[in-house]
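If you're matching them up, the sequences are chains A and B in order.
The opening residue of the first sequence carries number 1 in our numbering; numbering runs sequentially from there.
The opening residue of the second sequence carries number 150 in our numbering; numbering runs sequentially from there.
Think of the hints as simulated: they come from the structure by calculation, not from any bench.
A portion of the hints provided could be inaccurate.
[To be verified] In silico negatives: residues of chain A with every beta carbon more than 10 Å from chain B:
1) K6
2) I7
3) F71
[Unchecked claim] Taking lysine to any residue pairs in the SDA-like style, the calculated list, with each CA pair at most 25 Å apart, reads:
4) A:K50 - A:K6
5) B:K200 - B:Y165
6) A:K6 - B:A198
7) A:K6 - B:R203
8) A:K6 - B:Q175
9) B:K200 - A:K50
10) A:K6 - B:L154
11) A:K6 - B:E152
12) A:K50 - A:L23
13) B:K200 - A:L23
14) A:K6 - B:N188
15) B:K200 - A:R90
16) A:K6 - B:E210
17) A:K6 - B:V170
18) B:K200 - A:R78
19) A:K6 - B:I176
20) A:K6 - B:Y214
21) A:K6 - B:R162
22) B:K200 - A:S5
23) A:K6 - B:Y165
24) A:K6 - B:R153
25) A:K6 - B:F205
26) A:K6 - B:G166
Built from N, CA and C at the ideal position, the CB exists for glycine as well.
Here is how the chains run, residue by residue.
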Amino acid sequence: MNDDSKIEIADRLSRRRALMMPLMAVVFLSGQAIYAIGRVEAGSIIDQVKVTAWVAWALILLALLATGGGFLNSRAVRRLMDDESTRANRGRAYSVGFWLAMIVTIVIYGLTAFDTIAPRESLHIIVTIAVAGALVTFGYLERRDHRGG
Amino acid sequence: MVERLGNRIREERNTYGLTQVALAEQIGVSRKTINTVENGVFIPSTPLALKIARAFGRTVEEIFYLVDEE
Chain A
1 MNDDSKIEIA
11 DRLSRRRALM
21 MPLMAVVFLS
31 GQAIYAIGRV
41 EAGSIIDQVK
51 VTAWVAWALI
61 LLALLATGGG
71 FLNSRAVRRL
81 MDDESTRANR
91 GRAYSVGFWL
101 AMIVTIVIYG
111 LTAFDTIAPR
121 ESLHIIVTIA
131 VAGALVTFGY
141 LERRDHRGG
Chain B
150 MVERLGNRIR
160 EERNTYGLTQ
170 VALAEQIGVS
180 RKTINTVENG
190 VFIPSTPLAL
200 KIARAFGRTV
210 EEIFYLVDEE
């Protein structure tokens with residue numbers, strides 16, 4: 001007999017995930033300071049490393065949001081970690097990410113009436129804020145759902 | 150008038166001496182989902198509502214009901 005049932009394992013991992021998602025969003029946002037300071041020549045080795053790192057980081061965070069993570073666990077535990085209420089919370093997180101992307105895009109577009117904003121910087125800002133917003137939303141909803149139980 | 154979905158899950162669990170974990174194991178969902186349905190935070194899908202009712206040997210209407218709020 002297992003000391004911890006699959007339900008309990010999934011519950012514990014789900015709580016941990018609810019804490020980690022917003023934390024990863026904060027780290028992701030904070031890490032953008034590297035791109036804001038110390039301008040480097042576009043196309044230089046340092047620039048390529050920075051861009052590649054950001055792309056990989058953003059893709060990994062999106063993959064974690066989309067899948068819920070937990071790949072080292074059994075399929076049964078992962079299914080419990082990704083059940084009906086979690087999928088609903090993920091849907092709401094996607095919605096928040098979408099609206100943040102729209103609002104930021106519109107703001108940046110409006111700002112171009114007053115100043116030039118490079119396309120690369122625009123995309124960087126839009127995706128960073130949208131991804132971070134979705135992660136924070138998902139973490140918040142999951143933590144809310146664990147309360148009272 | 151805003152409608153809310155009420156339920157008798159906690160009462161039924163107490164009647165049968167079931168914890169949220171035990172009920173979740175019977176149905177095949179997470180404890181978190183049982184918790185959110187029970188607290189009215191999450192409205193279950195039809196299959197989930199049917200599974201919850203079946204776990205208590207009840208009909209869906211005996212477990213879930215509409216709460217009219219003004």
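> Do the alpha carbons of B:K200 and A:R90 lie within 25 Å of each other, as the hint requires?
Replying inline: The given pair, whose Cα atoms are some 23 Å apart, holds under the 25 Å limit.
> Under the criterion that the straight-line Cα-Cα distance not exceed 25 Å, is the pair A:K6, B:A198 satisfied?
Replying inline: 22 Å, holds
> For the pair supplied as a hint, A:K6 and B:R203, is the alpha-carbon distance within the 25 Å limit?
Replying inline: Measuring from Cα to Cα gives roughly 22 Å; hence the hint holds.
> Is it true that the CA of A:K6 sits at most 25 Å from the CA of B:F205?
Replying inline: Holds. A:K6 to B:F205 sits at ~22 Å (cutoff 25 Å).
> Between A:K6 and B:R162, is the straight-line Cα distance small enough, at 25 Å or below?
Replying inline: 20 Å, holds
>> Does B:Y214 sit within 25 Å of A:K6, going by the straight-line distance between their CA atoms?
In response: Distance of about 31 Å is beyond 25 Å: violated.
> Are the Cα positions of A:K6 and B:E210 separated by 25 Å at most?
Replying inline: 30 Å, violated
>> Would the non-interface assignment of A:F71 survive a Cβ cutoff of 10 Å against chain B?
In response: The assertion about A:F71 holds, with a minimum of 17 Å to chain B.
> Keeping to a limit of 25 Å between CA atoms, is the pair of A:K6 and B:Y165 held or broken?
Replying inline: The given pair, whose Cα atoms are some 22 Å apart, holds under the 25 Å limit.
> Hey, A:K6 versus B:N188, does the alpha-carbon distance stay inside 25 Å?
Replying inline: With Cα atoms ~23 Å apart, A:K6 and B:N188 stay inside 25 Å; holds.
>> Would the hint linking B:K200 and A:R78 be met if the CA-CA limit is 25 Å?
In response: Holds - the C-alpha atoms of A:R78 and B:K200 are around 20 Å apart, at most 25 Å.
>> Please verify whether A:K6 and B:I176 have alpha carbons no more than 25 Å apart.
In response: 13 Å, holds
Of the numbered hints listed earlier, those contradicted by the structure are 1, 2, 4, 9, 10, 11, 13, 16, 20, 24.
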